[in-house]
Amino acid sequence: MATKVGGKDGKAPPTAATNLIAGGGAGMMEALACHPLDTIKVRMQLSRRARQPGAPKRGFIRTGAEIVKRETPLGLYKGLGAVLTGIVPKMAIRFTSFEAYKQVLADKQTGAVSGSSTFVAGLAAGVTEAVAVVTPMEVVKIRLQAQHHSMADPLDIPKYRNAAHALYTVVREEGFGALYRGVSLTALRQGSNQAVNFTAYTYFREALLRWQTNKLEATGNGNGKAAVTLPSWQTTLIGLVSGAMGPLSNAPIDTIKTRLQKTPAEEGVSAFKRISIIAGDMFRQEGFHAFYKGITPRIMRVAPGQAVTFTVYEFLKDKLEKSGPSVLSGSRYEE
Numbered sequence: 043m044a045t046k047v048g049g050k051d052g053k054a055p056p057t058a059a060t061n062l063i064a065g066g067g068a069g070m071m072e073a074l075a076c077h078p079l080d081t082i083k084v085r086m087q088l089s090r091r092a093r094q095p096g097a098p099k100r101g102f103i104r105t106g107a108e109i110v111k112r113e114t115p116l117g118l119y120k121g122l123g124a125v126l127t128g129i130v131p132k133m134a135i136r137f138t139s140f141e142a143y144k145q146v147l148a149d150k151q152t153g154a155v156s157g158s159s160t161f162v163a164g165l166a167a168g169v170t171e172a173v174a175v176v177t178p179m180e181v182v183k184i185r186l187q188a189q190h191h192s193m194a195d196p197l198d199i200p201k202y203r204n205a206a207h208a209l210y211t212v213v214r215e216e217g218f219g220a221l222y223r224g225v226s227l228t229a230l231r232q233g234s235n236q237a238v239n240f241t242a243y244t245y246f247r248e249a250l251l252r253w254q255t256n257k258l259e260a261t262g263n264g265n266g267k268a269a270v271t272l273p274s275w276q277t278t279l280i281g282l283v284s285g286a287m288g289p290l291s292n293a294p295i296d297t298i299k300t301r302l303q304k305t306p307a308e309e310g311v312s313a314f315k316r317i318s319i320i321a322g323d324m325f326r327q328e329g330f331h332a333f334y335k336g337i338t339p340r341i342m343r344v345a346p347g348q349a350v351t352f353t354v355y356e357f358l359k360d361k362l363e364k365s366g367p368s369v370l371s372g373s374r375y376e377e
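Just so you know, the numbering used here puts 278 at position 236 of the sequence shown, and the rest follows in order with no gaps.
Please keep in mind that the hints were generated in silico from the structure rather than gathered at the bench.
Using 27 Å as the maximum straight-line C-alpha spacing, the simulated DSSO-like pairs for lysine-lysine come out as follows:
id, residue 1, residue 2
1, K111, K201
2, K304, K315
3, K361, K257
4, K364, K257
5, K304, K201
6, K111, K304
Work out the full structure, taking the sequences as your base and the hints as a guide.
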């Protein structure tokens, strides 16, 4: 698999302004639609109860039902403020850095980007967004999601009232560095997620475009690849499939990261040692399956999330490039 930087039609890669609007809009839609599943995933990952022999499974449906029962349906949206605050810069950084890394890795003679270069560009984009936005955002989000207070009881006052208060409290009590707790694991998770995600999405998209082009040419209706665009349902489908691949590849990393970010640091204990202690305790006390706690809601959240993200991003990007101001459209990319 190899693609051209800027696409087969010679258009410029999307500008930072396009990625800010299209990526931000896509990210907000994804967060609003899928955040409850993320809250359920976090609660499952933080649960330290090993399953007793003969005891029923405490799956994602039961976990979600307990949250709603004890904390009202709004409990499923704990931490949403932190996500929405960071989602626009996160998505802008993801898509802009991915395109930038692709251009750096493209063949200097032909402009072609190989499958391995797409993988590396996705990996680098994931690490970039993890360091720039995702890690602090997730520390705040997880602290809010981990609180079991009832949102219906005004006397049940939580430690963290909202995203801004959680951010202030964490920095005041634990220092600014606490916002970057688990940054190495977050970078590893985001990097592997986006490497797999962008590689799979690019491969599927190119395959569908080739198939549609060949189909049009066979019927005599073809007008070159520039005339071919994917319908939204196909973008949604390949986004769904590519989005499911990341969580399956890095579930243990995400579970350890969640537990690391939930608790304050211990003086004199390095991050690597804490990671080793968490992983060791999980294996001894809860078994190997503990590393995959929350995998079902995570796939159910990430896969549809990526489907929403790619569908809305492609739609908004196309609209911006066709009718937006010149700052959004960029200049032609010469192949």
